[in-house]
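Novice: Letter by letter, the chains look like this.
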Amino acid sequence: MLSTLQPPRSLSLLPLRRFQSSKHIVSAASSSSTAPVTSPPQSQILTTRRSLLSGETTAVEIAKSYLSRIRLTEPQLKCFLHVSENVLKDAQEVDQRIAKGEELGPLAGVLIGVKDNICTEGMPSTAASRILEHYRPPFDATAIKKIKDLGGIVVGKTNMDEFGMGSTTEASAFQVTANPWDLTRVPGGSSGGSAAAVAARQCMVSLGSDTGGSVRQPASFCGVVGLKPTYGRVSRFGLMAYASSLDVIGCFGSTVADAGMLLHAISGYDRFDSTSSKQDVPEFQSQFLSVDHFECKPLKGVKVGIICETLEDGVDSGVRSATQEAASHLEALGCVLTEVSLPSFSLGLPAYYVIASSESSSNLSRYDGVRYGNQVMAEELNKLYECSRGEGFGGEVKMRILMGTYALSAGYYDAYYKRAQQVRTLIQKDFKAALEQNDILISPAAPSAAYKIGEKKDDPLAMYAGDIMTVNVNLAGLPAVVLPCGLVEGGPSGLPVGLQMIGAAFDEEKLLKVGHIFEQTLKGSSFVPPLLANVA
Amino acid sequence: MSTTLLRTIQLNQFSLLGTALIRRRSNNVSVRCCGSQTATTHEAKQTPPSRVAPKNHKSNKLDEILRDYEAVIGIETHVQLSTLTKAFCSCSNNYGSYPNTSICPVCMGLPGALPVLNSKVVEFGVRLGLALNCELSLKSKFDRKQYFYPDLPKGYQISQFDIPIASGGYVDLDIPLEFGGGHRRFGITRVHMEEDAGKSLHSDTEDYSQVDLNRAGVPLLEIVSEPDMRSGVEAAEYACEMQRIARYLGVSNGNMQEGSLRCDVNISIRPIGQAEFGTKVEIKNLNAFSAMSRAIDFEISRQALLYDQGKADQIVTETRLWDEGAQKTVTMRKKEGLADYRYFPEPDLPEVILTQEYVDSIRASLPELPEAKRRRYEAMGLGMQDVLFLANDVSVAEYFDAVIGKGAEVKLAANWIMGDIAAYLKNEKLSINDMKLTTQELAELIAAIKDGTISGKIGKEILFELLAKGGTVKGMIKEKDLVQITDPAEIEKMVIKVVSENQKQLEQYRSGKTKLQGYFAGQVMKMSKGKANPGLLNKILLEKLNAKD
Numbered sequence: 001m002l003s004t005l006q007p008p009r010s011l012s013l014l015p016l017r018r019f020q021s022s023k024h025i026v027s028a029a030s031s032s033s034t035a036p037v038t039s040p041p042q043s044q045i046l047t048t049r050r051s052l053l054s055g056e057t058t059a060v061e062i063a064k065s066y067l068s069r070i071r072l073t074e075p076q077l078k079c080f081l082h083v084s085e086n087v088l089k090d091a092q093e094v095d096q097r098i099a100k101g102e103e104l105g106p107l108a109g110v111l112i113g114v115k116d117n118i119c120t121e122g123m124p125s126t127a128a129s130r131i132l133e134h135y136r137p138p139f140d141a142t143a144i145k146k147i148k149d150l151g152g153i154v155v156g157k158t159n160m161d162e163f164g165m166g167s168t169t170e171a172s173a174f175q176v177t178a179n180p181w182d183l184t185r186v187p188g189g190s191s192g193g194s195a196a197a198v199a200a201r202q203c204m205v206s207l208g209s210d211t212g213g214s215v216r217q218p219a220s221f222c223g224v225v226g227l228k229p230t231y232g233r234v235s236r237f238g239l240m241a242y243a244s245s246l247d248v249i250g251c252f253g254s255t256v257a258d259a260g261m262l263l264h265a266i267s268g269y270d271r272f273d274s275t276s277s278k279q280d281v282p283e284f285q286s287q288f289l290s291v292d293h294f295e296c297k298p299l300k301g302v303k304v305g306i307i308c309e310t311l312e313d314g315v316d317s318g319v320r321s322a323t324q325e326a327a328s329h330l331e332a333l334g335c336v337l338t339e340v341s342l343p344s345f346s347l348g349l350p351a352y353y354v355i356a357s358s359e360s361s362s363n364l365s366r367y368d369g370v371r372y373g374n375q376v377m378a379e380e381l382n383k384l385y386e387c388s389r390g391e392g393f394g395g396e397v398k399m400r401i402l403m404g405t406y407a408l409s410a411g412y413y414d415a416y417y418k419r420a421q422q423v424r425t426l427i428q429k430d431f432k433a434a435l436e437q438n439d440i441l442i443s444p445a446a447p448s449a450a451y452k453i454g455e456k457k458d459d460p461l462a463m464y465a466g467d468i469m470t471v472n473v474n475l476a477g478l479p480a481v482v483l484p485c486g487l488v489e490g491g492p493s494g495l496p497v498g499l500q501m502i503g504a505a506f507d508e509e510k511l512l513k514v515g516h517i518f519e520q521t522l523k524g525s526s527f528v529p530p531l532l533a534n535v536a
Numbered sequence: 001m002s003t004t005l006l007r008t009i010q011l012n013q014f015s016l017l018g019t020a021l022i023r024r025r026s027n028n029v030s031v032r033c034c035g036s037q038t039a040t041t042h043e044a045k046q047t048p049p050s051r052v053a054p055k056n057h058k059s060n061k062l063d064e065i066l067r068d069y070e071a072v073i074g075i076e077t078h079v080q081l082s083t084l085t086k087a088f089c090s091c092s093n094n095y096g097s098y099p100n101t102s103i104c105p106v107c108m109g110l111p112g113a114l115p116v117l118n119s120k121v122v123e124f125g126v127r128l129g130l131a132l133n134c135e136l137s138l139k140s141k142f143d144r145k146q147y148f149y150p151d152l153p154k155g156y157q158i159s160q161f162d163i164p165i166a167s168g169g170y171v172d173l174d175i176p177l178e179f180g181g182g183h184r185r186f187g188i189t190r191v192h193m194e195e196d197a198g199k200s201l202h203s204d205t206e207d208y209s210q211v212d213l214n215r216a217g218v219p220l221l222e223i224v225s226e227p228d229m230r231s232g233v234e235a236a237e238y239a240c241e242m243q244r245i246a247r248y249l250g251v252s253n254g255n256m257q258e259g260s261l262r263c264d265v266n267i268s269i270r271p272i273g274q275a276e277f278g279t280k281v282e283i284k285n286l287n288a289f290s291a292m293s294r295a296i297d298f299e300i301s302r303q304a305l306l307y308d309q310g311k312a313d314q315i316v317t318e319t320r321l322w323d324e325g326a327q328k329t330v331t332m333r334k335k336e337g338l339a340d341y342r343y344f345p346e347p348d349l350p351e352v353i354l355t356q357e358y359v360d361s362i363r364a365s366l367p368e369l370p371e372a373k374r375r376r377y378e379a380m381g382l383g384m385q386d387v388l389f390l391a392n393d394v395s396v397a398e399y400f401d402a403v404i405g406k407g408a409e410v411k412l413a414a415n416w417i418m419g420d421i422a423a424y425l426k427n428e429k430l431s432i433n434d435m436k437l438t439t440q441e442l443a444e445l446i447a448a449i450k451d452g453t454i455s456g457k458i459g460k461e462i463l464f465e466l467l468a469k470g471g472t473v474k475g476m477i478k479e480k481d482l483v484q485i486t487d488p489a490e491i492e493k494m495v496i497k498v499v500s501e502n503q504k505q506l507e508q509y510r511s512g513k514t515k516l517q518g519y520f521a522g523q524v525m526k527m528s529k530g531k532a533n534p535g536l537l538n539k540i541l542l543e544k545l546n547a548k549d
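Those protein sequence lines, which keep their order, are chains A and B.
Under the UniProt record's numbering, the residue at position 492 of the first sequence is numbered 492, and the numbers go up by one with no gaps.
Under the UniProt record's numbering, the residue at position 155 of the second sequence is numbered 155, and the numbers go up by one with no gaps.
Here chain B stands alone, though its shape is the one from the complex:
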């Protein structure tokens, strides 16, 4: 299976902290798992899905070659579920614990230990299945997938083979304008429940390996797509949508860096017009959407070039890794025939029986999903860029919905959230949920500007104040005496004063240097402490400046 070399394994019988040390001699690192080696990060923070970087520049020649081929891409996505406990035992499921501290006889595969299904896993499976428009199996079962690896304690993975919990669905998404735009529907072959393996940690000196079983038995949902994607961008957007849906549903934090969302890409290319598929290559180690897009585009080019050079036979069934540093895919292992996992029904677990009522109750509890949100925002008149931004992150979408729910004008609310608020959050590295500005206050702020109580400029000042310290719009206006001056008499008084104090500029203005109007307006605004209604101010100012007295 791997080329890992072992020298010794240190054994700590029953020490729950014991990690098996597997020494390696060569540089051939086994890479079934690509998790980080130091597990120190706690509390997963959700980072919004990053946008896919634009394609690399390609030579015209390559572009010409690529024009003759079509890529066929399918994706297997592993979504790690954010259940409190593991799939088949009561160990806590938290990322980043000290190695081998969240383990028990069941997930260690001790003799005599038996799995007991966590009902949350089924619930999450049903939620995701429904969200992906799948047909649910009211009667499904678990199977054992058998292979040997040090981080697989039982020598088999409990998975679902021929009867997955959900199958035959689809997902709808919008491609961002910068990547060409457009709406797509990609088929979902199946969603099944399974358990994760542990992690093999390889030492820096590469002479031993260790096994951390904290992750062993953590529940996963594997989503298998139809081979419907045709480009790196489509594949990355598909993966992005999987993350979005998982987060909307609350079944996973979807963090790629932590391995909570892992995508394996299957890709082949064929000359345009050819019906049968080309040789399929699998790409692993894709831990960012941008990497996925670039890896696929690289792989398409690589395969297209081989075709073009008459070396199509060099495209073989294999697993390739994305090398982020070199920006290319490299061979990880060639498959010698098809792996035989000797699946058979898991005799330790009864069948999973769902009642229609149970499914219906879960369907009724589903939140509004990204696609529905996007269509709703679109119908409200927002542009696609705004729609994608707002619907991208469930917390942002919920915030936006709450603000407009309190009567704020849609476009204004969108602008505030996407503009100053987003910039502030980015600077402060905060999530919208950590923000002190409540939806109520943002709605009031927008209303206060709209009805002229305060100016837009004052509004901005208040916004930053509220973001940093919290508080209410009304309180802030009162406390700082910020109500806009809309009394023409009062503004006129200030205008007269400013004009009379700046006789030199007045002369220049009147001799044709009309740009100086801005200077006068600034002086008046300064005198009003920014509270003068800008429209009124300019109207009165012009009258005075142009008056022939």
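Just chain A, same shape as in the assembly:
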């Protein structure tokens, strides 16, 4: 599929600098004295817009450079399951609009990777499952429709854990994606392809989905910004359901501003999704001031609660100190830091796996081989189901369907599903109380940095445990952003660690403001993976 792409061209559009890491655990905040002076990361979306409007370059030029980078890096990374044949055509249309002096949408010429569980009309959308191999939906997801209406260009479909079930992207039925910071490591998951593609600058921004951390954890592993909006902020129409009450479409960018602007583009009530919210969508962009305009204590008085349960045993020391450094940085910016305790914190993980598995066992019933997708010829009806589903689904998916089916069975419902829902209410209460005392809460995005491919493949419980930082946020339906805050030792040049900021429901604006200022003031903070530097 990449054979049609143009030969490599200059990558001059990108600020490609390697992060300077020391031998030991390094956090960006603490390394500010030793690191060379680097300018803060720039929004790809705004940069693109500026260069298109000034005539400095064309959408086709930009698209070609990205396609060539894909061509170069994809054999190692395997971020994409499909690259669109229409990227250049779409870019030409943008250029034609510019030539005619027509109005440009805010995403004009912006190259967007889309997780493969989000429906794109006429383009393969498989959720990385054999059962949907070659499936091309007859409609665009609402988020995709909005992106296209605003001029955005879908670059292709990114790899993921099958149906979003996994934390490493190894559960894809088709390929294993590598982490751009260290090709022997996982990019995280389930939106690993979308995170790695942004990290490797194969696209400017990307869409993922987050059911229990599937945007935030890979953002942390890949050193990019991952934004999980409030449940209901973005329409789920066209998102292949994993766990309907937890699923949200989220955004990846190399800056907070990019993730925020992409979120703005896809947010809002949708009459095709009864769970989407009618809450107003504020204009986030005004939050993204450039550093020159910051006051000396730009976050003065912002109350930040650091969740103490997230820094206990089981969290890598490097991650812990990076988080503490990040907290210090926030303090330096004027934030008031306090420790908060969420007593229900540890209950979230089991509750999450019960609820998510239960809902998935139901949501995946439609893949029966009758109307679309993988079908195995069979002599009788039950055989048709057994074989189509048996061959179509991977091991992780089958395991979760079995767990969920069990949890919903007569006689077990009260002990599992109902109990898990009660825990969920408890978690919501604890978060609500903590967010009444604080503007935002912070925690690590994951207990560790990216681990080796295959390391946890045979130990699902160890993998599930890695979701401890993120699942509670889904259970509570809250917005959260993960942004790189430092590096820990590992790989050729260190591994990124993400900081998670959790906000009150529908208060993405505050998260983006704090996240943006944090990012722009983090010294030596160019989180560009070594792979790219080598290519450059």
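Hints are computed from structural coordinates only; laboratory data are not their basis.
From a predicted model like this one, the values you see are computed outputs, not experimental measurements.
Take these hints with a grain of salt, some might be off.
Stated by the list, open to error - Straight-line alpha carbon distances no greater than 25 Å define the calculated SDA-like cross-link-like pairs of lysine to any residue that follow:
1) B:Lys334 to A:Glu379
2) B:Lys426 to B:Asn415
3) A:Lys456 to A:Asp313
4) B:Lys145 to B:Val116
5) B:Lys478 to B:Gly522
6) A:Lys398 to B:Lys145
7) B:Lys139 to A:Thr58
8) A:Lys297 to A:Val336
9) B:Lys497 to B:Gly530
Since chain A is already given, all that's left is putting chain B on it; use the hints.
Specialist: Relative to the frame of chain A, chain B by itself:
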């Protein structure tokens, strides 16, 4: 679940016209759906509920056995709602479309598609709930009922499980005199909203099956009765009343043949005096009220005989089908334990919240319902047979109400409607709404006869004329010069003429053959072109015939 055998399924990805072909090898036909296989009928015409046929003759021995047992019958009724669009998507809801032409990503269960509730479904649920005297849940929710079947696109049916929209009601009805008469009240356990499945169509050669998803996602209200019925007649009358109420409310056309009203019957019997219920058997495939009555009576006999022969253990929990040809029930599938549908709350739909004002506004908009109509007609002095006839069909009842509203005498209006008009409609296969005779004209016709402007005989002629061509009573009388002759002098003239022209008959009459009075009356009526007032005519005629001149 079923014994359907599959060989291949032909797949047409994204072709909206594609039907999945499921080949079958054996004769074991899966019968979850029993809809007709060719869907060509358009425009559902309402046929009035047919009367239940009388019981089959039974041997005295069986009657004796039956005397010792009591049947306990509960009914689940699925009412297909006549909303313009489906329950959770904007596909049009029309019966009889070409297969798979009224489908979309939502009702096909495509990945990523989400349901959005049609508010009409809630409105109809509230209407029916109120009409069945139920308690409404101001806060209810949807749940998923999960099972696999090719005509169930999502692998689950969106339904309501533990919190139905309405529950705890009852329905009142009158048993027709020919079935023993009497008033009954049957409990309603619950009414809940859900979606229909598609249809599996099995080929005549029985080597493949197809799926038509036009019906998938069509809204249904399921009404569950208390186990209050005791006979086939009671069950059929209950079902009839459900149809009547649905039609009165305008929530469904209630046609059983199209599957718009489907009844599943649960039946058990127990020795009279025993408190606990016997083993419950379910009967499906009942697509007429008469079939329902006969199927239940058959099943009662079957179970009673088994009891009597000491083979009660052969009555097992199972689903049986009514075989119309053989006039008996046959085993469809035995239930292996209780089916586990793994219900859980539908996360794609918010709770259904009703405000008291909304419920009140719907209550205020309810039409007069069958039971209220029957009681009103009864109070007006009509006999039960007339009451049941007139209240049976909402259109007939509305017509009747309009006619008497225009001042027509109740009994006369009832007689005309139930007599000549009903016969005409039956012959012409018309509904009362298609009739050219307006309520205004029928009222005038009745008035014109009553005040003697025209005779009853002329009235009948005019009626058929108006039925066929329309027009007004006044216009017809004028045009055809049909005003009754009530002038005694004029009638006398005609009588004298007839008598004088029939001297031979006069002699015979006077010699005792008084039957000939009819002959003379006929001749006079003929001369008056039917307009002579019959009373006056006969009075004057008798005077003349008996005059000793």
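Novice: Hints first: check each against the structure and report whether it holds.
Specialist: Right, here's what the structure says about each hint:
no., hint, result
1, B:Lys334 to A:Glu379, "holds (22 Å)"
2, B:Lys426 to B:Asn415, "holds (16 Å)"
3, A:Lys456 to A:Asp313, "holds (19 Å)"
4, B:Lys145 to B:Val116, "holds (17 Å)"
5, B:Lys478 to B:Gly522, "holds (24 Å)"
6, A:Lys398 to B:Lys145, "holds (20 Å)"
7, B:Lys139 to A:Thr58, "violated (56 Å)"
8, A:Lys297 to A:Val336, "holds (11 Å)"
9, B:Lys497 to B:Gly530, "holds (16 Å)"
Hint 7 from the earlier list is the only one contradicted by this structure; the remaining hints agree with it.
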